[in-house]
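Novice: Sequence:
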Amino acid sequence: MNYPMEKYFRLSVLLFTVIAAVLFSFIPVSISIPFILFHGIGDKCSGGVSNFTQLLTNLTGSPGFCLEIGDGEKDSWFMPLIKQTSLACEKVKTMKELSQGYNIVAESQGNLVARGLIEFCDNAPPVINYISLGGPHAGIAKIPKCASGPICDIGEAMLKLEVYTDFVQDHIAPSGYIKIPGEFSKYLEHSKFLPKVNNERPDERNSTFKDRFTNLQNLVLVMFESDTTLIPKETAWFGYYEDDGFDTLLSTQQTKLYREDWIGLKALDVAGKVKFESVLGDHLSISDEEVVEYVVPYLMQSYM
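Here my numbering is used: the first residue of the sequence shown is -16, the next is one more, and so on.
No lab work stands behind these hints, which were simulated from the structure alone. One or more hints might be untrue.
To be verified - Pair by pair, the computed Cβ-Cβ distance ranges are:
1) N189 / E73: 18 to 28 Å
2) T191 / K74: 12 to 22 Å
3) T148 / Q83: 39 to 49 Å
4) D226 / A250: 19 to 29 Å
5) V275 / I14: 16 to 26 Å
6) D105 / S285: 21 to 31 Å
7) P46 / F150: 36 to 46 Å
8) E225 / L42: 32 to 42 Å
9) D149 / Q83: 39 to 49 Å
10) E272 / K239: 31 to 41 Å
11) Q37 / E145: 34 to 44 Å
As the list claims (entries may be wrong) - No more than 35 Å apart at the CA atoms, straight line, and that leaves these computed lysine-lysine pairs for DSBU-like:
12) K239 / K66
13) K79 / K27
14) K76 / K175
15) K76 / K57
16) K27 / K57
17) K125 / K66
18) K175 / K79
19) K66 / K193
20) K79 / K125
21) K66 / K258
22) K74 / K125
23) K256 / K193
24) K57 / K193
Computed from a prediction, not measured in an experiment: that's the story for all the values here. All residues carry an ideal CB built from backbone N, CA and C; glycine is no exception.
Work out the full structure, taking the sequences as your base and the hints as a guide.
Specialist: Have a look at this one:
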């Protein structure tokens, strides 16, 4: 009499287990979205940048990777940005961790590599959130300040020769986003990176670049109020001088890039997806508390 009951009980437990497994398979499991980090000019993924990447991972629980382009410090000066972007594109497409989509955190010049990656990279996993720390998005009006050292000395000397020559454009990375007020026509004709990533040339505007940029869920633009490296500091928000000189500084919303929506910045802003944030420090001087406030929330989302 007991044996059939035991057998019935075991079958019932087995059946319940199978049903439960099937039901739970339909419940989404959250997985942290990974992020990649791009450092600025004259820097490298080891040292302080590595510590910052680890800090973000510790604060968010999301896996983070600093993407090194070439030889790091040296190539951040001497490899043209279009090539840096191409290398970043190929790296991202080979990283299985990013295959479902990823976030980007970028520092200073690294933001232009990030922007190029978002806009130019074909058949790549999607970028979900993009956090920009002191990015020269609308260009810089003066040669970037750099710590002393032979790499800086060589780079600055070459930039002072003539920034819009093919030789300088092909060999000095920051030449790709130097935009001297009063020399707009020369810039538009000879600069090899920023006019492309900002869709500035009327006869070369690419709707695909705009579509990819507007696919972001969040764009966080952090400006440093006491920035002495980016001239003007408002470039971190896409603000810039008028084309004819230094007399008038345009806010983001006053620029043609925004008003005519060349890259989709206005569309993102109207949709409430752009966060214009500012901190009090000099270039990239951001405290842990400010990181928690302005960066961490956008790295804590999960896949579902």
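Novice: Now, for every hint given, state plainly whether the structure supports it.
Specialist: Okay, the hints, checked on the actual structure:
1. Taken as a hint, the range 18 to 28 Å holds for the pair N189 and E73, whose Cβ atoms sit roughly 20 Å apart.
2. Checked against the given bound of 12 to 22 Å, the beta carbons of T191 and K74, roughly 21 Å apart, stay inside it.
3. A beta carbon spacing of about 43 Å between T148 and Q83 agrees with the range 39 to 49 Å that was offered as a hint.
4. Between D226 and A250 the Cβ separation comes to about 23 Å, which falls inside the hinted range of 19 to 29 Å.
5. V275 and I14 have their C-beta atoms about 22 Å apart, which keeps the hinted 16 to 26 Å range intact.
6. Roughly 27 Å separates the CB atoms of D105 and S285, a value that falls within the hinted 21 to 31 Å.
7. Hint check: P46 to F150, Cβ distance near 41 Å, so the stated range 36 to 46 Å holds.
8. Our hint of 32 to 42 Å for E225 and L42 holds, since their Cβ atoms are close to 40 Å apart.
9. Here the CB-CB span from D149 to Q83 is close to 40 Å, well matched to the stated 39 to 49 Å.
10. As the Cβ distance of E272 to K239 is approximately 36 Å, the hint placing it in 31 to 41 Å holds.
11. In this structure the supplied range 34 to 44 Å holds for Q37 paired with E145, their Cβ-Cβ distance being about 41 Å.
12. Our distance criterion of 35 Å between C-alpha atoms is met by K239 and K66, whose separation comes to about 27 Å.
13. About 23 Å separates the Cα atoms of K79 and K27, which keeps this hinted pair within 35 Å; it holds.
14. Only pairs whose Cα atoms come within 35 Å are accepted, and K76 paired with K175 is accepted, the gap being roughly 24 Å.
15. Between K76 and K57 the CA atoms are separated by roughly 24 Å; this keeps the pair inside 35 Å, and the hint holds.
16. With a C-alpha separation of about 9 Å, the suggested pair K27 and K57 falls inside the 35 Å cut-off, and the hint holds.
17. For the suggested pair K125 and K66, the alpha carbons sit about 23 Å apart, so the restraint of at most 35 Å is met.
18. The hinted pair formed by K175 and K79 meets the criterion: a straight-line CA distance of about 31 Å does not exceed 35 Å.
19. Of the pairs offered as hints, the one joining K66 and K193 holds, with about 21 Å between alpha carbons and a cut-off of 35 Å not exceeded.
20. Taken as a hint, the K79 and K125 pair is broken in the structure, with Cα atoms around 40 Å apart against an allowance of 35 Å.
21. Between K66 and K258 the alpha-carbon distance is near 29 Å, which keeps this suggested pair within the 35 Å criterion.
22. Note on K74 and K125: the hinted pairing holds, with a Cα-Cα distance of about 31 Å set against a maximum of 35 Å.
23. A hinted pair counts as satisfied when its Cα atoms are at most 35 Å apart, and K256 with K193 qualifies at roughly 15 Å.
24. With a C-alpha separation of about 31 Å, the suggested pairing of K57 with K193 holds against the 35 Å cut-off.
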